[in-house]
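This is what each chain is made of:
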Amino acid sequence: MAHISNKPISLSFNRGTLLLAGIGCEQLPEISGPSVWAWDNRVGALRCDAIHYAAIRAALARQFGPSLSDEVPKPCGVHLHKVELPKLRPSQIEALEAWSKADCRGQIIMPTGTGKTEVALAAMARRKIASLVVAPVRDLMYQWHRRILAAFDYDAGIVGDGLSNIKPITVTTYDSAYIHMAKMGAGFGLLIFDEEHHLPGKCRREAAILSTATMRLGLTATPERSDNLHKDLDWLIGPVAYRMPFKQAEGSMLANFDVVRIPVTLNQREQATYDQCSRAIRYFILSRRKEQPGYTWRDLCKESGSDPQARHAQKAYYLKNSIESRAAEKLRVLEDIFRLHKGQQILIFTGSNAMAIEVSRRFLVPTILSHTRKRERLAVLENFAAGAFPVLVANRVLDEGVDVPEAKVAVVIGGQGSVRQAKQRLGRVLRRTGSARATLYEVVCENTKEVQRSRKRRRSDAYERPVHRRV
Amino acid sequence: MLTSDQSIVEFKAGRAITDRLTQSTHRHYVKYAERMLAIYRDGQGRQRRQLHREINSLFADEPDCPVRRIQAFCKLLDDRSIFRTDPDGKATKLRLDVFSRVTRFHPLVEKPDQLFEHDERKIKAQLADDLGLPWSEIEQGLYGDVMAYQPLERFEGYLDASALLSRYNVAQLQACLYRAESMTVVATDDLKTILRYAKLAKLLHDIVRLGPSKYRIAFSGPASVLRQTRRYGVNFAKFLPALLACKGWQMTALLKTPWNTSAKLNLSDSDGFTSHLPPPDEFDSSLEESLARKFGPEHDGWQLIREGEILHNHQKTFVPDFTFRHEDGTQVLLEIVGFWTPEYLAHKRRTLQLFRHHKILIAVPDKSLREGAHIGKNVLVYKTVLKLTSLMEALEKIRTEKNSC
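From first to last, the protein sequence lines stand for chains U and D. Residue 194 is where the first sequence starts when you use the numbering used here, and the numbers rise one by one after that. Residue 10 is where the second sequence starts when you use the numbering used here, and the numbers rise one by one after that.
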């Protein structure tokens, strides 16, 4: 239907939303296209989320023709002087074509170590439009920065880690994207979500919602989330365009591996404190349940503010945890592993920053923690890759996607029992490098909760064929 | 401000009640606050984690103190502290140096044997010799850039124990607002300040007049009309201290609980929270006082309406300083302008253009007039004080203009 009034109609970008001005609220039902509009009385215009830009602009243009002025900034093109990408493998080409065919909106699911980054770089080189790469942590963000520099000789902008330097190709983290997308949401034509399972969280999803980008690419090895929110990726990014099964990757690109569980015992003092804490907690909970049958840990936390007994039980619980993760015996086991694998590169994952620093101070080996700055990260990773550092200790920051070449031995001391973490950690050890078998050690305290967590870790299908042996 | 991990709030029958330490319920906390301040005041040179441990042990035998409250105190104390950071990257250099030197001795073992001969203690002692520093100092500096290991340099502190507790109470309100999806203020006074600070906090507003000089102002962000979002919770939190410094208001914030249900946080100026911001510009009220005194209840058929009136057109608002009403119904709004730059004038003119169907009189001190500045219609220039006679003249002029046309 034609627009009758001669007032100009304008579509503009406003802090992560689109404003359609020049139309009264009574005309709302006449707007063709998806019904995503809401009347905003505060500014006297129609408003919708920026994510709908691709869908509404065509519908609006059809309906209003030249009387519509589209003032939404257009992402600029990117001219790459150099494109130097390795030749894509057939599976990578298949993935790229499937995504292009899906109007450049969709997810590519490939196991760790099968070259997702190369597919994304190829997509950027092909689309030649302002692009934003969103990564889970700073290490990965910097890694993308390096890969873009190597592939295109392009010094990408960085938003995050205290920097806010927006360029036609920019890298950022999910947290920074959530904060800054309202401001930069109209600047990019292509969004790349690395480890896309981080996106659907209640807040982080706004990074996708507040952007006008018409092209979107999600990458992950493990899209599933225990809260089922991964279903929303279908509209936040686009439906799955390509999925490579894990079985196909194993054997072809990933190495064979062993999983070795090493139980450690607490020393006498630790065990005594540990048992005392366990008894205190059990006694407290049991005595509460006599009066309140459904008494849970959450109730305990709630009461801990006003009830000294509950607070003591809570403290006992935290003490138990810290005994588990920092048991002195673990450092001795590490020494044994170092002796056993003398001359090999070893990665160590700890459950806390404090434990990582403890290992580092004992053996004088480098760490990568969440607050390690860019220059040191690079120096440590490069030296580790070159074999100059025999060991690298990391807290959770290396869990996902950070390229660590040539590591054949990994040790997990402490950590939570989620399926995804296990897969990501295996991905680290299993990168294809020659024929040597990789080994993953799990150091867990015996007679503690950690044993249960270790069992849960092994339930993941990534652990289906491991060899279990005791040292 | 606190982090959401430090927020303590109880949800009861759809109401949010934040943790609050008052004279009547927590008189003994004044002592704790004094001791906490003393720990930081005497804490120069001590590591952040040591200070935190000490604050923790202060409350070891206090039955009424959740862990989060202690963590919140640590945060508020840290907020007023300067710790020695490592801007030159000394720790980084030391680490890379030490680790590189030690590589060829890897692994450092507890008990050397024929295969592995590098005794941990011996190698460390040798390193200390090479670097010319005692090992304890090297170990201290090795992670000197990690926040927990940084030593306190200076503590700017709080005025006294009750200032710390007041700050704590307001900080808990702010942290609770991180969960807020919208905020509504019903205001009778200080409208100008409320709107100005909301604008600074990047909030949008929607104004409804409830009665003479009583308004309901709904604050939210752009995306709030589309979906419920906690995106603007931080903006509400930033705005709160300004609101607490004002008078004549009631506030309701709509929150999401951790169980995804809704709850309300209700607050008003009579709840007795103390803002760390000063009350709105004293100038306004003292000027108002003196003008009201001079003017009296009625003057030549004119009445001075002391309560403010808001003119609003979407996000543009105009809150005049005074409203005058003549018995024939004529209403004139008076705005007293402190300065008079071309940019400000242009901005003011654009705003007034939106409200051109209202009668607005602008008073400007002549010392802030630029030479050759254009003085438009309805502009009253005054020397040091606004004289009643010239004001009456101007009001009459506007009134008769209306009658003549």
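Any given hint could be a false lead.
Chain D stretches covered by chain U per the calculated footprint, using a threshold of three residues with CB under 8 Å from any CB of chain U [stated by the list, open to error]:
1) 97-106
2) 117-125
3) 142-153
4) 300-309
These aren't lab readings, by the way, just hints derived from the structure by calculation. Ideal Cβ placement from N, Cα and C applies to all residues, glycine included.
Legend entry - chain U over the stretch 97-106 of chain D, status - at least 3 residues with CB closer than 8 Å: Since 4 is at least three, the answer is holds.
Legend entry - Outcome, coverage hint (the stretch 142-153 of chain D, chain U; C-beta under 8 Å; three residues): Since three or more residues must qualify, the claim that chain U covers the stretch 142-153 of chain D holds, with 3 doing so at under 8 Å.
Legend entry - Coverage criterion applied to the stretch 300-309 of chain D (partner chain U; beta-carbon cut 8 Å; 3 residues): violated (count 0)
Legend entry - Coverage assertion for the stretch 117-125 of chain D with respect to chain U, Cβ distance below 8 Å, three residues required: holds (count 5)
Against the hints set out earlier in the document, a violation occurs for number 4 only.
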